[in-house]
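Novice: Knowing the structure of chain A, use the given hints to seat chains B and C on it.
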Amino acid sequence: MAPILKLVAQRVALSLLLLLMVSVLIFAGTMILPGDVAQSILGQSATPEALANLRADLGLNDPPVTRYFQWLWGALHGDLGTALTSGQDITTAIGSRLSNTMFLAFWAAAISVPLAIFLGLLAVRYQNRWPDKLISAFTLTSISIPEFLIGYVLMYLLAVKLRWFPSVAMINDSMSLGQKLNSIALPVTVLTLVVLAQMMRMTRAAILNVMQSAYIETAELKGLTMFKIIWRHAFPNSISPIVNVVMLNLAYLVVGVVVIEVVFVYPGMGQYLVDHVSKRDVPVVQACGLIFAAVYIGLNMVADIVSILANPRLRHPK
Amino acid sequence: MSEPLLKVRDLKIGATVYAPGEPPKDIEIVHGVSFDLERGKVLGLIGESGAGKSTIGLSSMAYGRGGVEITGGEVWINGRDILKSKLSDIRRLRGGEVTYVSQSAAASFNPAKTIMEQVIEAAVEQGKFSRREAETRARALFDKLGLPDPENIGARYPHQVSGGQLQRCMTALALCPEPDLVVFDEPTTALDVTTQIDVLMAIKEAIRDTGVAALYITHDLAVVAQVSDDIMVLRNGDKVEYGSVDQIINDPQEDYTKALVSVRSINHEEKAPTEEAVLSVRNVTARYKGTKFDVLHNVNVDLYPGQTLAVVGESGSGKSTLARVITGLLPPSEGEIFFAGRTLTEDFKTRSREDLRELQMIFQMADVAMNPRQTVGTIIGRPLEFYFGLRGAEKRKRIIELLDEIELGESFIDRFPAELSGGQKQRVCIARALAAKPKVIICDEVTSALDPLVADGILKLLLNLQKIEDVAYLFITHDLATVKAISDNIAVMYKGKVQRYGSKTQVLTPPFDDYTDLLLSSVPEMRLGWLEEVIANRKMESAGN
Amino acid sequence: MKNIPISALIGLFFTALFFLTAIFAPLLAPYGMAEVVGDVWEPSSSEYLLGTDNIGRDLLTRMIYGGRTTIFIATAATAISFLTGTVLGLTAAVSGGWVDQVLSRFIDLVMSIPTLIFALVVLSVMPVTLPVLIIVMGLLDSTRVFRLARAVAVDIEVMDYVEAARLRGEKTMWIIFREILPNALSPLVSEMGLRFIFMVLFVSTLSFLGLGVQPPEADWGGIVKENKDGIVYGIPAALMPAAAIATLAISVNLVADWILNRTTSLKGGRG
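Protein chains in written order, with my numbering: chain A, 1 to 318; chain B, 319 to 863; chain C, 864 to 1134.
Extracted from the complex, chain A is given alone in its bound form:
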């Protein structure tokens, strides 16, 4: 088992390195560009003295490298700085929003992942017949419309015309789970629709790829039933491609959340990020960017680690 543990450790180390590089990139991306933070906070009418004081307060006179390490050091200790516009502590502000976003993403994943795998299997089972064609037509349509428009179309039909769900997704801590779920029903539906198509198509491709292997033919020529062929021979070899598909789409879901939160005025990370991009509140944008990138890198890492663990050549070395 030693070589496989080494590979996993390497993969984890690589992700951490990647995250560090990403933090550099995000920090540099907001530094090298024109624009003076102090000026944008105080506005054009600010006196030179006020600007100089604020710059000193914010540490803007330090060299960028020093500022980067201060920022990184803070971030590692859970201190993401203070928002320029409101003066609020960013870590506190993000806390509850992050859990709201996770709540939304969790339910979207909980519905879309099993559904996508089931429909993907269905498409394989009825390959080139009508269920398969229906699924690919649906895929083409859904990747041709941006998420936010799917959101408004559903809002228009389900919330405004049919009045099944509320059109905005307000949630707060005093609500019961049932109330919360009712409130996020629409955004969850939209997110599910958005990732479902891709996930289905990729699951179908992954399973078809395995089903075309010579060992599946061997199993068929042993006279096994379709169910046993899939369960014993296709499934063990499909785990890693399917996990990859799921992780890739969850990563995509994380990005979709940003836009959907804006559509449904949902108090989460996405809404928070977009608001502060418009206000040019750099520390908030940096903090949110880092968190989104960390989730994204983490999901990709999990996919790779599952691939390593599921590979029989690595699990049973020569």
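Hints are computed from structural coordinates only; laboratory data are not their basis. Certain hints may be false.
Examples of chain B residues toward chain A, derived with CB under 10 Å [claimed, not checked]: (1) S352; (2) R409; (3) R410; (4) L411; (5) Y418; (6) S426; (7) F427; (8) P429; (9) E443.
The beta-carbon is built from N, C-alpha and C at its ideal position, and this holds for glycine as well.
Specialist: Same frame as chain A, now just chains B and C:
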């Protein structure tokens, strides 16, 4: 007379082809073939690619691969027509009464399960044996098939055993359920020649000891002659000839069969080295970047003008690496190469245009050796333009001359590679090499991907061109029959070293060293009883296993 | 040009229609782009075919001008993305060695941040103008083109015909333009269609978030943003761009599919 085990009548098989950009087309690939197979007998199905031999073999399991479908006829096994059976009955047939051994065991084993699980699966599933009985049976089969450590090899995963061993495991898998019929589909084609003979012997003994009937599918008549009782020769989905092994080998009736039997009987008189060598490899040692292992060890060979040096060896012998070193694709770590009185630089990038022109190369896979978006005219014309500055009518005239030399003719000038057959493609590649008017052409396994008769045509063409153009060949191959047909000198390579080197007669005349003996004796010969003789006389354990 | 399948014809027709409308927008639009002509959110009538928007501008006019902006930005960004991605990708594949390593690792790094998030980070400090928008979108997207171009070129690079050309003594430029590019073209062209669609969706999303095209300029994402408050009152003005974007995207998809099929089935095609 008792009913035969397998009775095939007027079998027709169709396939749907999906040509890109065109609507799918249905074509017939087997046109009404009939034959019988008695219990305990072995029928060899032989033919070139596209003959329909695998398709016919699989029809005995009522199975069509990919878009293939059985469209007509009858296939009777144990007294019932399986083409009219229900799916559940067909399932009992597959893996119970009839089993299958494929060409590539490496792909046919599930990588995620142990060998034992897969070997006993059909036997247990079909209710023929209990799990414990099946495992005992499997171990006995492993032992009979000559697998090392038969008690424990089943616990390994497919990637943990060698290719030759896995092919024998696949045979165990097929024999474990005690079937009435086994379909062997080119079971030794992917193996090296010294490994092939062991697997072949193991299969032959297993068939004899278990008394199972078999369909043995191959393109190699010499191989099938060793294991079969009867042979059916197929071509383009039709039966050409059907008879006992003795009759087919010793008294073939049809022209096509005669051609197959006499394949590689080109008689080439070796020439004595007269002048200075045109290409000399001196003390060359080489390894691939980032490895610590020499793939070539102190190699010394000479090639004389207008002659052929055959470099022969199995996979991993370093013969293709030698070609890469000479062409300058892989700089050697030690040693020198002299060419036409000059010293060649190590890297082809630093060689003069004259050096590059005079040393040409022909590749194994003609398919990928030609740019699919260039016409034959462009492909052959480019060296003319590049080295000699020929343009327009002058260039066209020379292209047509070259096309005539390779026996294709002017009409091919505007065709794309995809419109050519395998043999035609290789001819165009030969013309491209000749266009540079080289002194030496390196031929890397140029006939290995071709059917035997087509390969023969290419060899004859190469010999003929050698006379006309006075070009020398460095001919790299794993096939000793090819070596005999074309060479003046031979270098036998084994594990990166030249094991034996000299004129054709010297190399092929005893006394041999152990490896050369093993290699020469492993090449199937087109006569009955050859396999038994060889096994009886074995001096050295097989090299690759 | 015979034997064009019906799906490709439909795709070609609509794609052409959209591009022509974009080019001739000032001639086709019934009113001025920012001209307030009626009441807020008037329903469709013979005067205003699609009704009016949140401040009483003609919606059809806004849609036509919006399409012009959206298609222009998407086209320009696709061009940048393609040029950068293909040139760098082919260079990486043909050079190999450290050039390939440095380029590939840098692209891996950029791609480890979701594109939208990266765009938001950059746009939070950059002035949001059309050139900035086009360059940011184009460069971020070129990472995907880079990966594809490199992968395709690496596959072709190991083919024996490229080796044969090298051994003949051909220069690097010949190898790239005569041997590799003609064989890499069909996957790249069909990818271009997909990238264009992605750009349309991307710029619409940015504008919807208020970080893309700035008012009073019209674009499809912006029209959604301006009219989204009408949704709760049952006014579907904000949904108009959905139909336009979906039609354009599906049409381009159909054309891209057809090009991929057509070029691979040429008699010189692969496979």
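Novice: All hints are to be evaluated individually against the structure, with a verdict given for each.
Specialist: To see whether the hints hold, each was checked on the structure:
Interface hint at S352 of chain B: violated, since its Cβ lies 23 Å from the closest Cβ of chain A, which is beyond the 10 Å cut-off. Look at R409 of chain B: its Cβ gets to within about 4 Å of chain A, closer than 10 Å, so that hint holds up. Annotation: interface hint on R410 of chain B holds; nearest CB of chain A at approximately 6 Å, less than 10 Å. For the restraint placing L411 of chain B at the interface with chain A, the shortest Cβ-Cβ distance is roughly 7 Å, inside the 10 Å limit, so the hint holds.
The beta carbon of Y418 of chain B comes within 5 Å of a beta carbon in chain A, closer than 10 Å, and the hint placing it at the interface holds. The interface hint given for S426 of chain B is met, as the beta carbon of that residue sits about 5 Å from the closest beta carbon of chain A, less than 10 Å. The criterion of a C-beta within 10 Å of any C-beta in chain A is met by F427 of chain B, whose closest approach is roughly 6 Å, and the hint holds. The restraint placing P429 of chain B at the interface with chain A holds, with a minimum CB-CB distance near 5 Å, inside the 10 Å limit.
At its closest, the beta carbon of E443 of chain B sits 6 Å from a beta carbon of chain A; the interface hint therefore holds under the 10 Å criterion.
In terms of the numbered hints stated before, the structure departs from hint 1 and from no other.
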